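Protein chains in written order, with this note's numbering: chain A, 1 to 248; chain B, 1001 to 1393.
These are computed hints drawn from the structure, not numbers from a lab. Since we're looking at a predicted model, the values are computed, not measured. Glycine residues also receive a C-beta, built at the ideal position from the N, C-alpha and C atoms. Hints may be right or wrong, so weigh each one.
What follows is a list of derived Cβ distance ranges for each label pair [to be verified]:
| id | chain 1 | residue 1 | chain 2 | residue 2 | range |
| --- | --- | --- | --- | --- | --- |
| 1 | B | A1215 | A | G68 | 32 to 38 Å |
| 2 | B | T1296 | A | A141 | 25 to 31 Å |
| 3 | A | G68 | B | G1109 | 46 to 52 Å |
| 4 | A | A141 | B | K1055 | 27 to 33 Å |
| 5 | B | T1296 | A | G68 | 18 to 24 Å |
| 6 | B | A1139 | A | E58 | 47 to 53 Å |
| 7 | A | A76 | B | G1109 | 51 to 57 Å |
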Amino acid sequence: MDRTAPAIEITGLHKSYGGFQALRGIDLTVARGERVVVCGPSGSGKSTMIRCINQLEEHDSGTIRVLGTVLDGRLASLDEIRREVGMVFQQFNLFPHMTVLENCTLAPMLVRRLPRAEAEATAMRFLEKVRIPEQAQKYPAQLSGGQQQRVAIARALCMEPQIMLFDEPTSALDPEMIAEVLDVMVTLAQEGMTMVCVTHEMGFARKVADRVIFMDRGEIIEAAPPGQFFSAPQNDRTRQFLSQVLGH
Amino acid sequence: MARLLSFPGTRRQRELALQAVFLSALAALVLGAALTARERLAAQGLTSGFGFLRKATGWEINFALLPTTTADPYWWYLLSGLVNTLFMGAVGLSGAFALGLLVGLMRSGRNPAARLLGTLYVELFRNLPIILQLFFWYAVATALPNPRQSIEIGGALVNARGIYLPGPEIGRGIAALSALAILAGAGLAVGILAARRFRRAAPLRRQSLAALSLAAGFAVAAGLALAFRDPATPWITHPRAEGLRITGGWRIQPEFYALALTIITYGAAYVGEIVRGGLKAVPRGQIEAAAALGLTAWQRFSRVTMPLAFRAMLPMLANQSVWLMKATTLGIAVGFSDFFMVVAGSINHSGQTLELIGILMAGFLAINLTLAALMNRLDRALSLEGSSMRPRR
Ligand SMILES: Nc1ncnc2c1ncn2[C@@H]1O[C@H](COP(=O)(O)OP(=O)(O)O)[C@@H](O)[C@H]1O
Ligand SMILES: [Mg+2]
């Protein structure tokens, strides 16, 4: 693993489902420590793109290099990357048959081979960070949506990844729970985590993003720092999208 | 009408009163029928009651795990039949579960050849009547060459009289006890894995405890076999053909293995479908989350997919187990002395039809209610805490 390589380098990424082109030539480089927010209309390929980064989707062509390692379909490179890239899903996807603590210790024990005591100590540290250490012995279904999503963030952090991917982490939440999840994400961003975050929370984008990316129909249409992105969008489609999500 | 049905008190009291009326009516009916039957039987000079259970039977059964001779009384025969049924159930169910798991995995996997094979299997075994399958296996078993031309496969002899396996010379009773010890060890292991209180057992983890209890079962079985084996014989005797006679080793009778094969192969078709359904019921998102965390394919399967799929399968597996248990009564069609066949024989020889049918029903109810209760217990123990599907304790 190359210590100086950018966090993520994507060039010429294509992906089709059957005859449908979900991604049509994506080029994107994310520097270490950079926070990128991705937005765009539903079906524009945002999920597909970030799921290619940890190979939950296999891409058809183009290259993806994560922390200097090329994702060429070999299992070894895949294992190496997934260990370093955490992911948070819209639907939380906690393991319902395990307690919160077990959710958080499973991968560190199996993948990083940490002893149980050490894995539990790490888990408690991150559960404190997302402010729910008292729920460690509960099961996911006993928690609110916001709490579940914070556990999901803690679970990903327990692997001590270098990059975190978020796919609409607040879209399945009731409005009153969105803030508690965004707070945790802001803290993470301020600590220097490399983040790629698909979200329509424009307040979050303004606050922490180094760059905002707008996608439409499988392409990156516009990429700019938030100040410029929101005040002076260059592309018509971006302007139209912004007027929809910002409500004016 | 409304006035007629109105009843003072709460709805709950009204329901209780209705239940009481219904139950007393039912009790009166059963009692009346029993008294009438007794009177009629007495008038015809037939005795009723359970006195016959102590009488010697004087006839033989062709398969028994417990040592059984013609001098034994009826109650021992019935017990022997019950043990045979339980043994057949244990062999048939575990075999059907194991093969069914394989078939279900094949049908759910990505390999097209394996999927086709799995589909063919299910469609073949599910769509032929089970009794036909039993006759088929029995016909195959008895169409094998006669003992003089026994086929030898790795020290075992196979012929129309059965399969003869090499093994230590131990008595039937000890063999039955050993099998029981192994079953008890396995049962305890499942219990430990299922029980919540062992969740955080330290320093030995649940798995090691379960493995320990499984090993203990085998150790006790081996100990029993060692302690009670005939010291004059070698550790393992190989079956030998002496003309038409086969001496030494363990004989598995055609009646037994034809029925066991039927239950295993027929049951596996259904279990395979249950497994496939269970695997389908696991949300993709949770498997993806495990993948994103870096778990290998096997770790995802064993830690996430299978535990969740198994929970989805349990109620249907419970159903299927009870169904297969009842299917063991088909043994009578090929002459396997299960509980049902022993009861039928006892009715023929003693004439105590009603009593024996009562015993038969009580025996099967006891087996199947226990089985259902155990599966239910497992289902509760494993059910997902906090989810709406969790039954109240
Ligand atoms: N597994 C799939 N099979 C077929 N089509 C898919 C699949 N996943 C996504 N798509 C299609 O690809 C396009 C992009 O999807 P997605 O990346 O989920 O969009 P977004 O996350 O921006 O809403 C959509 O049109 C969607 O219907
Ligand atoms: Mg999406």
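(request) Quick one: which hint numbers does this structure break? Sort them smallest to largest. (result) Numbers 1, 3, 4, 7, in rising order.
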